[in-house]
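Input sequences plus hints: build the corresponding full structure.
Residues per chain are reported as follows:
Protein chains: 2
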Amino acid sequence: MPGSEEFVVTPYEVKGRIDYERLRELFGTQELSPELLERVRAATGGDLHPLLRRGVYYSHRDLAALLDGHAKGHPFFLYSGRGPSGPLHTSHLVPFELCRWFQERLHVPMYIQITDDEKYWARGGLTREETASWGLENLYDILALGFDPKRTHVFFDSRSIAALYPLAIRVARKIPYSTVKAVFGFEPSTNIGLVFYTALQSVPCFWPSWAEGRTVPCLIPCGIDQDPHFRVTRDIAEGLGYPKPALLHSQMIPGLLGENVMSTTGDRADNALFLNDPKAVVDRKVRNAFTGGRATVEEQRRLGATPEVCSVWALWRTRFAESEEKFREVTDGCRSGTLLCGECKSQVLERIHAFYRRHAEAREKVKEWAESTIVTTAPKPL
Amino acid sequence: MPGSEEFVVTPYEVKGRIDYERLRELFGTQELSPELLERVRAATGGDLHPLLRRGVYYSHRDLAALLDGHAKGHPFFLYSGRGPSGPLHTSHLVPFELCRWFQERLHVPMYIQITDDEKYWARGGLTREETASWGLENLYDILALGFDPKRTHVFFDSRSIAALYPLAIRVARKIPYSTVKAVFGFEPSTNIGLVFYTALQSVPCFWPSWAEGRTVPCLIPCGIDQDPHFRVTRDIAEGLGYPKPALLHSQMIPGLLGENVMSTTGDRADNALFLNDPKAVVDRKVRNAFTGGRATVEEQRRLGATPEVCSVWALWRTRFAESEEKFREVTDGCRSGTLLCGECKSQVLERIHAFYRRHAEAREKVKEWAESTIVTTAPKPL
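Which chain is which? The protein sequence lines are A and B, in order. With this note's numbering applied, the first sequence covers 2 to 383. With this note's numbering applied, the second sequence covers 2 to 383.
What the hints contain is simulated information worked out from the structure, not anything from laboratory work. This one's a predicted model, so the numbers in the text were calculated from it and none came from an experiment. Mixed in with the good hints there might be a few duds.
Copies of the same chain look alike in the list, so a pair counts if it works inside one copy or between any two.
Claimed, not checked - Mimicking DSBU-like on lysine-lysine, the simulated pairs with C-alpha atoms at most 35 angstroms apart in a straight line are:
| id | residue 1 | residue 2 |
| --- | --- | --- |
| 1 | 280 | 182 |
| 2 | 366 | 280 |
| 3 | 280 | 245 |
| 4 | 245 | 381 |
The following block contains the structure:
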């Protein structure tokens, strides 16, 4: 198939039309098979989360072993993070939403890393005040998804460094410059903060094992573009006496402008729905969003549209279809030509607005206890 | 003069017979002239310290401007550090002794950095337990020189990271990998901790300015081999809104085995007098030390010996000649052939043993308050 390999996916760049199966092969990850999903369903009790059912998560590393351990009574913990360069948009919630669901079902601890140092190093245009204050704003949004205050722990890098650094010292000695250069494509002009950073990003994977003095496996739901970060972590884990983190990889969420990824870097604020967008802005962005529709209404009624390339269908798929019935109804209506784009957008907007209202309320409540989740001290000498 | 350029001096390597004037020209540092020394004498009141009088310190950067500021009532602070890879030896005391003297004369603050992280990164054979425990042992030795507990502050990296990191984040963004590669000669195999490290080594130069919210100049006495570290710091200082640190450079202290530097890396424990060497070991090392003497007693009485190449003369010069009269007596006796090496060694050993006894007592007392000097929190948000 010509062009199928003409894409690039790294933690710092995604371009081209991604062939996800080919990407999985290139990265050497495992398929999230129906059999494995059934095991997840059985372990969690009840239905699978829509992000699993609808194939947004499609790849993994070592999930089967993690489930084996869980079945034998070895509890695991969840880890995900956020580089606070600005407001969150809806697709940023994809890993956290899956974490929230795992925590609700299995009562497992969740560790969230807010990388206000890394974003300062990665984006020359941001001030420290900005990355620190976006860090806190982003944290409120994440916690407002419904995390359990008693089981949720936050590494806010600039404030949690005393907790992270003893382990980061050990991690950093294991990682030569050549590895990060190869994995992240660093240039001679890359600053030494960013070069060091992957050490700090690895630490949460091992931290609970250190704190508890026993092996605690780690599960990281993340976009597949972040897999290279944790390949470095996995390579050094055993040499440090810790288990390799397991990963669950999602596809990239397409942007509203019809791009591969809901990235807003550069002048692309309309590519995503920010959680702090006012109602009128959300309306405008969705009304202008790229769809899989046809050139004319007549043609669309006759031939149907293409949900797989549609940014609005991606909204339904990743969050806003409240049930599998609704998701099927939208998908079938789109494909058959009975649901036109204008009506589809009205329906999804209704749900987006409702979510924004609920989220704003939850976010206010979270502010009361968010600070208490930030870890500031090391559990013991290392 | 053939061979005058056949030496190498970097923070990680010193080899060849060093031509110090040529090295000063190569590094682009300024001469510590008699006029400038006279200004130091006037500012400190009384005699100059022997390390200044005897030319061990011979080069500087911006010392004149620092003295100008001091004369106008702008106080400065002292900064020096130690990478704790093992016990201290006598030549490690050279920068700290000068700091102690400046503090005694001018009542200025002293900041000491113990780089237990850096040594772990730089020396593959050391464990973290070793660098941390040597860090504390070395700190006792340093403080025992006579630092003022009220004016002395310690950054013990692994324990002080919460105090250092907010500023290190800002420093690190200013330093590209290409700079540390060029300055330190890093290889692709160099670990990312060591790559990052120079950011943390720069922080103490700016920390008091941050803490006090005003410009506080910094003076760093160090071996001239450490100058490249602080050239990086000086290059970024103004971009961060802080003054460039001033430097006072000493020559390298020759080792007992007749080498350029009292380094004990590898299998060279007999090259230095460790502060924890038992009396009998000190005796043996000095008795076996390389001297500038002649092949026979007769020849030495007739032609005299050469103090400048003698490791025992270096001991007199850097610490153990209690007065300028004694130092001249030893130097003249050596050169004229009236003082033979055996007698010279007996005399210096007497003084070394006395120093070790006094030092051991002072060291015990220091343990009571050493921990209280370790800075563990940031002064304010940054």
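- request: May I ask which of the numbered hints given earlier this structure violates, with the numbers listed in increasing order?
  value: Failing hints, ascending: 1, 3.
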